[in-house]
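Input sequences plus hints: build the corresponding full structure.
Protein chains: 2
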Amino acid sequence: MADTILMAHGSGGKLAHRLVEDLIMPAISGTDPARLDDSAIIELRGRMAFTTDSYVIDPIFFPGGDIGKLAVCGTTNDLSMSGARPLYMSLSFIIEEGLPVSDLKRILESIHSAADEAGVRIVTGDTKVVDHGNADKLYVNTAGIGTIPTGVDISGANIRPGDKVILSGTIGDHGIAIMSKREGLQFGTNLLSDCAPLNKLVEDMIGASDNIHALRDPTRGGLATTLNELCLQSGTKVVVEEKKIPIRDEVAAACEMLGLDPMYVANEGKLVAFVTPSDAGKVLSAMRLNKYGTDSAIIGEVEEPDEAPSVVMKTLLGTSRLIDILVGDLLPRIC
Amino acid sequence: MADTILMAHGSGGKLAHRLVEDLIMPAISGTDPARLDDSAIIELRGRMAFTTDSYVIDPIFFPGGDIGKLAVCGTTNDLSMSGARPLYMSLSFIIEEGLPVSDLKRILESIHSAADEAGVRIVTGDTKVVDHGNADKLYVNTAGIGTIPTGVDISGANIRPGDKVILSGTIGDHGIAIMSKREGLQFGTNLLSDCAPLNKLVEDMIGASDNIHALRDPTRGGLATTLNELCLQSGTKVVVEEKKIPIRDEVAAACEMLGLDPMYVANEGKLVAFVTPSDAGKVLSAMRLNKYGTDSAIIGEVEEPDEAPSVVMKTLLGTSRLIDILVGDLLPRIC
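Top to bottom, those sequences are chains C and D. First residue of the first sequence: 14, per this note's numbering; consecutive thereafter. First residue of the second sequence: 14, per this note's numbering; consecutive thereafter.
These aren't lab readings, by the way, just hints derived from the structure by calculation. Note that this is a predicted model, so its numbers are computed, not measured.
No distinction is drawn between identical chains; accordingly, a pair holds when it is met within one copy or between any pair of copies.
Distance condition first, Cα-Cα at most 30 Å in a straight line; then the derived DSS-like pairs of lysine-lysine:
(1) Lys118 with Lys213
(2) Lys27 with Lys257
(3) Lys194 with Lys27
(4) Lys304 with Lys327
(5) Lys327 with Lys257
(6) Lys27 with Lys327
(7) Lys27 with Lys256
So this is what it looks like as structure tokens:
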């Protein structure tokens with residue numbers, strides 16, 4: 014095996030076969046190397062969630078994770094937000110010529126370990142190589158299939174006035190960890206991306222209540238964007254209280270220094286849940302018992318809309334502030 | 014809508030929402046814009062094929078197709094090669110900042126039309142934008158799910174000595190069409206890529222015989238690489254006759270001029286089938302009635318292996334030549 018990825022690793026030739034058979038397949042759990050057909054064969058029954066994401070994060074290694082862990086967790090989480098239990102995943106690489114093979118190995122190990130934790134099987138994949146200067150080290154695509162348990166119906170469209178809004182922990186950790194790595198800045202001690210698979214947390218929540226109306230992971234665009242998407246989808250007004258939204262001191266300090274609003278900074282291991290008020294306590298307790306939900310908090314509730322759907326924040330100063338979607342870009346290539 | 018894609022189109026902000034809602038979603042059949050959750054919800058029952066590919070072809074527009082048509086057809090064909098009927102597809106873009114919006118529109122129209130022809134529904138997707146110089150215009154990933162009819166068991170592992178090898182048409186059209194566009198060369202008149210969805214052809218074949226053992230589309234690495242993969246997977250010797258392999262005059266001429274062996278040149282609308290000898294005639298007749306199989310031919314048969322699995326060609330001169338897998342790269346970024 015060469016030390017760096019060459020264009021020939023992306024051909025149909027021997028080098029490509031060796032890359033896939035010697036490096037990629039052994040690193041991935043659940044694949045059956047005896048069956049090298051173009052498709053994986055899987056048995057499925059019932060309502061399924063199906064999702065995809067491409068990952069172009071810069072840098073590919075960051076405090077708390079790398080592009081491989083991010084891809085597996087991101088697709089796991091997208092499935093989980095429909096209430097689905099993740100089952101199968103595809104994995105596709107676009108590699109820039111010259112990527113050190115050791116980097117690819119580290120990322121494959123990280124993919125393996127994230128898939129193990131999430132309990133998802135990677136069953137099919139693809140590898141392309143592009144010439145130097147036509148990608149930035151490595152892009153990853155994952156698509157996932159998950160099974161939706163009978164009776165589960167979780168969608169942004171189900172949100173209704175009265176619902177409590179529960180957030181699973183601190184906001185902005187991922188975005189600020191990436192920024193700090195990218196810009197070579199140090200904000201306090203060891204700020205890590207929150208990148209994590211949330212499917213077990215969602216299972217715990219669904220186990221605690223049949224009245225979870227909607228779930229969403231506030232990634233690109235942060236909590237503000239997610240809340241806006243959900244108020245638009247459900248035609249409601251979402252009111253959150255600034256003082257109840259958990260945030261790490263170092264993230265708050267970094268945001269102040271960089272002029273960023275943490276409400277718009279990406280998360281990769283958090284979710285926001287909309288729950289019938291009478292069940293909010295049960296759901297919150299279940300979340301706090303899960304390691305990815307220890308800082309969970311009820312941050313607000315849903316009201317009838319004014320003229321149009323909106324998101325409003327009651328600030329620390331006691332005023333009300335409209336939380337809009339940004340027009341442009343806060344942090345490019347954050348996932 | 015701006016004339017070119019900006020970094021902000023890849024953020025979680027308003028420009029990103031507008032791109033997806035105004036341009037991408039309307040261009041895609043079968044999506045339900047009312048349901049903007051992270052996953053599509055689909056009903057599935059039984060044995061399914063699941064596959065993915067990323068497409069990095071250069072150029073993104075070529076004679077006979079574009080990267081969008083290629084992605085839909087490629088994933089349709091990978092599913093079909095397991096005998097599956099394609100049902101659902103995901104679609105993910107990595108766009109280089111500066112791509113003309115008109116190019117994206119053309120590609121979306123082409124995706125729409127290829128998906129319509131294949132009868133596959135695009136139900137979920139993702140869009141990322143990277144800064145200028147970190148991609149080459151546009152990369153596309155598709156993942157697909159298809160249903161395998163009861164009783165169908167098609168795999169390279171099922172090939173056995175005696176099987177007839179049937180090829181669905183001329184080889185090398187895609188690779189040479191791309192080369193001619195890339196290098197600005199003209200080989201004869203109007204050589205087009207063969208890029209096409211083969212699922213209906215496969216349905217016709219399965220309708221004609223229960224004894225199709227294996228199917229494979231000879232894409233990257235060409236027919237030679239595909240035959241090698243299959244002889245290795247099944248532990249057999251595959252013997253093909255050069256004079257029976259269909260090839261266009263202009264492709265043969267171009268290969269001679271460029272010093273390429275057409276056996277290694279990529280195809281995107283051809284398949285090779287391994288069929289019980291007694292059914293080969295029926296399958297061949299069914300194939301010739303389909304517009305994507307008019308030039309189908311029996312090109313060889315499977316034998317017991319010698320010491321190791323191998324692919325052998327009986328040449329026009331009457332000699333035998335071992336057809337190996339290439340080590341390196343013939344035509345980079347051909348798909």
